[in-house]
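Top to bottom, those sequences are chains A and B.
Numbered according to this note's numbering, the first sequence spans residues 1 to 499.
Numbered according to this note's numbering, the second sequence spans residues 1 to 157.
These are calculated hints, taken from the structure and not from any lab test.
Hints may be right or wrong, so weigh each one.
No farther apart than 25 Å at their CA atoms in a straight line, the calculated lysine-lysine pairs in the PhoX-like style are these [said to hold, decoys possible]:
{"hint": "1", "chain 1": "A", "residue 1": "Lys288", "chain 2": "A", "residue 2": "Lys252"}
{"hint": "2", "chain 1": "A", "residue 1": "Lys227", "chain 2": "B", "residue 2": "Lys115"}
{"hint": "3", "chain 1": "B", "residue 1": "Lys77", "chain 2": "A", "residue 2": "Lys227"}
{"hint": "4", "chain 1": "B", "residue 1": "Lys115", "chain 2": "A", "residue 2": "Lys295"}
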Amino acid sequence: MDAFASLLHGFSIALTPVNLLWGAVGVTLGTAVGVLPGLGPALTIAMLLPITFQVEPTAAFILFAGIYFGAMFGGSTTSILINTPGESATIITALEGHKMARNGRGGPALATAAIGSFVAGTVGVIGVTLLAPVIVRFALSLGPADYFALMVLAFITVSVVLGSSVVRGLTALALGLLIGLVGVDLQTGQARFAFGQMALLDGIDVVIVCVGLFAVGETLHLASRYKSTKEEIIPIKGSLWMNREDWSRSWKPWLRGTFLGFPIGAMPAGGAEIPTFLSYFVERKLSKRPEEFGKGAIEGVAGPEAANNASAAGVFVPLLTLGLPTSATAAIMLSAFQSYGINPGPQLLTTQPDLVWGLIASLYIGNVLLLVLNLPLVGLWVQILKIPTPYLYAGILVFATIGTYGISQSVFDLALLYGIGVLGFFMRRFDFPTSPVIIGMILGPFAEQQFRRAMTISQGDLTVFLTRPISVTLLSIALLAILAPLIFRMIRSSRTRTA
Amino acid sequence: MSRTTSPYVVALLVVALGLCVVYMTTQISVPAAYAKVGPTVFPYSIGVALLVLGGLLLIDAWRQRWDCEATDPASHKPDIVSMSWVLAGMALNLALIGFVGFILSSTVMFVFIAKGFSARRLWLAAAVGFILALIAYYGFAQVLGLRMGSGLIEDLL
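With the hints as constraints, model all of the structure from the sequences given.
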């Protein structure tokens with residue numbers, strides 16, 4: 001019960017009026033950016049990274065956690081009401097939720113999403129509390145070779161499993177790793193890929209890459225196609241509340257979604273997409289009314305939304321215990337840790353207990369705030385969608401500019417920002433995933449450090465990665481993750497040939 | 001660029017990037033003490049990975065297995081006019097920001113981007129952009145304590 005005592009201590013930190021206020025600001029801001037199509041939590045937190053120069057770590061992470069969960073909640077609102085899922089994890093929500101909205105049941109769809117997220121968040125926080133100390137005990141036995149293997153596994157799964165193409169996912173990852181290499185090598189002092197530019201010696205700022213890829217890239221992409229797409233906001237008709245039948249059809253999917261989402265999110269190869277898809281298929285299988293699926297079945301909103309939120313809580317387990325981010329947002333949070341000079345890892349729980357448990361408690365408080373603030377105010381959030389598109393995107397670029405130029409006053413950085421934005425546009429056009437770039441660039445230097453440390457210990461013997469049982473297991477899983485889609489494809493094509 | 005040739009160009013660019021990375025890595029001098037696991041191991045691996053991935057992308061392009069917006073016959077051609085306004089706004093911002101400061105140059109960019117998204121009343125866009133840039137500047141400069149450099153408007157505040 002030691003962990004729960006720590007969690008209580010965490011609540012005592014997170015519940016101070018000032019921190020509560022940070023949480024409320026985060027949740028509100030997060031919901032706003034989540035509602036706006038094309039903006040996400042990774043981008044928002046990246047733009048707010050300068051706050052780490054001013055605010056103490058606990059408050060900053062409470063703010064970030066609020067944004068993280070708020071954005072997820074806002075994203076499902078958009079998916080349900082205008083059928084433009086902002087993130088891949090909310091595609092499923094749009095599937096059934098938007099149909100419900102069209103049938104005049106937008107209110108219950110939003111309500112089941114909100115309450116389901118709350119249930120999942122609650123269980124998720126308990127899960128993090130119980131699991132984190134266990135993982136830490138395991139993590140302390142890991143050597144550099146094992147860490148390197150763990151990072152390789154995370155790299156491979158975030159680039160391979162989530163995207164539509166293995167090759168394009170890995171290309172995006174390689175690009176991110178390359179960006180991460182730019183600058184002075186910390187171990188030898190050698191400049192790498194700096195083109196003799198002073199501005200590049202410190203490396204490329206993650207804010208520039210993130211804002212460039214997500215904000216500038218998205219704006220260009222939208223400009224290239226928005227005349228040919230028309231969006232329509234479905235007004236919420238009828239009651240906002242769920243009736244008795246909605247409740248009885250929702251509670252089991254919430255729980256099932258939660259128990260699918262949390263473990264998958266907590267794995268070092270997590271991500272929210274797989275559990276939401278899984279939850280959707282499970283609910284369709286188990287439903288007494290499978291014919292309603294595709295026409296607005298409430299189970300198809302309740303389950304995936306819970307899975308999404310539970311896995312979002314799960315992502316904090318590898319982040320806080322291993323320093324391993326498995327989503328773009330978690331990667332940005334890792335760089336926020338770095339900006340405070342804190343290295344997440346197994347020691348974090350003992351060296352920064354206030355920060356860790358305050359953060360975990362604030363995840364829970366964020367969920368409560370979301371339930372209290374958002375459901376009654378959903379009409380207000382929808383108003384955000386009425387901001388005229390030209391002003392919205394022009395405004396986003398003004399903020400993107402200040403987020404970069406404001407820190408360095410460097411025109412070079414600004415040019416880099418817009419250049420990466422153009423790259424982001426082409427990545428969208430040719431369907432390269434963007435998250436692996438962020439994860440590769442932030443985690444890449446850590447992976448290189450662990451690799452070189454392992455090689456130094458083994459005196460340059462590469463077999464160290466194959467003789468340690470943990471490392472060889474993790475690397476085998478990573479290899480399997482790359483090869484499995486190829487093997488499936490070969491089996492399928494040989495079958496069609498013989499058939 | 002047509003729908004069938006553009007994936008080849010992207011794949012070749014990835015190959016070219018891989019070649020650049022490998023070549024540039026040969027230019028990094030390695031201190032003797034680090035000969036075995038020096039600063040070039042990772043760059044070489046990434047360069048080779050990019051070469052291999054570029055090759056695989058070429059195969060994808062050749063087999064027409066590359067499903068995306070750019071190869072989808074049902075999707076519209078990118079709207080070059082809109083994009084040009086947006087890009088021109090960014091280019092102007094880059095050119096102006098050092099001389100007139102963040103607020104004015106961002107207002108100019110705001111108007112160009114709004115025009116790119118077919119805003120009609122440009123004077124209104126200019127007013128909105130100016131106020132937004134002012135708020136953004138003030139928020140950043142005051143709340144976060146960041147110095148935002150000087151400019152025509154900035155010096156008046």
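Against the structure, the hints:
The straight-line distance between the Cα atoms of Lys288 (chain A) and Lys252 (chain A) is roughly 13 Å, inside the 25 Å bound, and the hint therefore holds. Restraint check for Lys227 (chain A) and Lys115 (chain B): the C-alpha separation of about 13 Å stays at or below 25 Å, so the hint holds. A C-alpha spacing of about 11 Å is found between Lys77 (chain B) and Lys227 (chain A), which places the hinted pair at or below 25 Å, so the restraint holds. A hinted pair counts as satisfied when its Cα atoms are at most 25 Å apart, and Lys115 (chain B) with Lys295 (chain A) does not qualify at roughly 39 Å.
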